[in-house]
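S.K.: Take a look at the letters that make up each chain.
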Amino acid sequence: MEHREHAVLSKANKTKELRFTKPKINRKVLLGSILPLTLLIIWEASGRMGIIESHLLPIPSVIVEGLYQMALEGTLWGHIGTTLMRVFAGFLIGTFTAVIIGSLVGYMKIFEELIDPIIQAFRSIPSLAWVPLFILWMGIGESSKVILIAVGVFFPVYLNMVAGIRGVDRKLIEVGKIYGYTSFEIVSKIILPASLPSLLTGIRSGLGLGWMFVVAAEIMGASKGLGYLLIVGQNTYSPDVIIGSIILFAILGKFTDWLLKFIEERSLRWQDSYANQR
Amino acid sequence: MLSVEQVSRTFNKKQVGFSDVSFTVKEGEIIGILGTSGCGKSTLLRVLAGLDKDYTGKFTWEKEQVGMMFQEPRLMPWLTVEQNVGFGMKGDSNSTIQELLKLVGLAGFEKLYPKDLSGGMAQRTALARALVTEPKVILLDEPFSAVDAFTKMQLQKLLLSIWKQQNTTMLLVTHDIDEALFLCDKIFILRGQPGELYETIIISEPKPRDRGDFKLTTRKAEILSLLDLKQTV
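Top to bottom, those sequences are chains W and U.
As numbered in the working numbering, residues 1 to 278 make up the first sequence, in order.
As numbered in the working numbering, residues 279 to 511 make up the second sequence, in order.
Hints are all accurate, no fakes.
Across the chosen pairs, the derived CB separations fall in these ranges:
#, chain 1, residue 1, chain 2, residue 2, range
1, W, Phe122, U, Met431, 58 to 64 Å
2, W, Glu185, U, Trp339, 18 to 24 Å
3, W, Thr75, U, Lys368, 55 to 61 Å
4, U, Met431, W, Thr182, 36 to 42 Å
5, W, Thr97, U, Ser439, 49 to 55 Å
6, W, Glu112, U, Asp491, 56 to 62 Å
Think of the hints as simulated: they come from the structure by calculation, not from any bench.
All residues carry an ideal CB built from backbone N, CA and C; glycine is no exception.
With the hints as extra help, turn the sequences into a complete structure.
M.R.: Structure follows, in structure tokens:
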């Protein structure tokens with residue numbers, strides 16, 4: 001008897017849980033999609049009624065149709081793949097160097113005095129100004145594009161890394177000293193995990209810049225990639241191709257950012273923050 | 279065990295800190311360091327722990343293994359309770375960690391993160407972490423000043439039981455006279471700015487002591503007059 005009562009109780013609990021979580025997601029999706037859906041419908045309708053001239057702004061169904069055709073022909077995947085590879089490679093290189101240099105600068109005074117001024121000086125150069133030089137040095141091949149993206153990714157990651165390390169609680173470092181930790185152990189076991197929240201913020205904004213710079217790099221000269229599609233669209237008077245690749249950029253950017261956000265939430269569950277409490 | 283010879287550490291043109299402190303500590307003793315705020319008692323502990331290197335004078339530890347517990351728990355927020363306890367260990371030794379967690383009454387809370395702990399639980403975790411390397415000496419810097427009265431008494435008892443089990447030498451910085459009277463064999467009174475070792479009080483009552491003991495109460499009056507609170511208030 002008691003057993004059954006328990007079973008009933010746990011079932012009741014379960015339904016209660018479901019009732020609490022499910023509508024929350026639905027509500028969020030519903031509320032968030034009202035505005036974009038309305039805009040889409042107005043856009044489609046006014047295009048079909050001829051209020052908007054279709055050679056300037058094609059209607060959504062035409063754009064989707066165009067993307068669909070390219071996907072069927074198979075050319076679309078090549079463009080997406082190339083762009084993704086460039087962003088990925090540049091992102092990795094930029095993040096990696098930024099973490100290493102940032103750790104050194106943040107942890108050791110001598111490196112800060114040596115390296116930080118020159119990095120700050122380089123930071124004030126708008127990164128796109130490098131493009132002609134990189135093309136001159138490395139041609140319009142992959143390396144100049146990847147390096148440009150890496151440069152874009154480098155700065156936010158570096159700045160956040162240094163700021164994160166500087167903000168590490170001295171009291172935690174003292175705990176390591178009590179246990180006779182070496183400098184390397186203090187960096188790897190205390191400073192790096194403690195500055196992780198700041199680093200992840202930097203990585204996310206770095207990725208955003210990476211997407212910005214891949215567009216720049218591909219517009220400057222490429223034979224493949226989503227940025228190249230933009231130029232093709234411009235030269236062939238086909239706004240649907242341009243808008244199509246803009247949409248793809250948005251989707252890919254959002255997706256990669258979501259991936260990072262997912263990792264961030266996973267690895268920062270220990271944080272005693274407002275976001276973890278909600 | 280430990281001998282300190284004329285150690286000084288001052289800041290701000292010798293206004294703060296302590297100067298010319300000498301004493302010796304025998305193995306298994308519980309030493310209390312009492313003083314009003316600003317007399318350098320925490321600084322003294324930091325110097326002895328090796329956290330502050332800008333001192334003059336000389337001190338030698340007979341055995342190197344020193345554990346320390348701070349006023350705040352100072353747990354790594356990204357580590358769980360058991361990982362925090364094992365923080366100072368080289369290599370893996372889960373059984374020691376589990377044993378210690380049981381000793382400090384945290385069995386069953388191994389997987390929690392510090393953000394989910396109460397103040398007392400966090401401080402108990404910190405105590406377990408200080409004990410995990412089986413140190414011969416534990417330095418305690420006002421370890422229970424931030425927990426409530428009941429938890430404080432519990433933790434003091436816990437400290438005594440650890441002392442009984444392992445005969446650990448302890449140096450306890452505190453501003454709580456009752457705490458010092460309950461735990462310590464010797465009490466050093468620091469006074470002045472910079473602080474100087476003013477008086478050593480020996481309490482020979484066997485431990486554990488009764489908190490309401492009449493003898494202790496008279497000692498308390500003695501300490502209060504030694505601290506000369508009128509001057510600082």
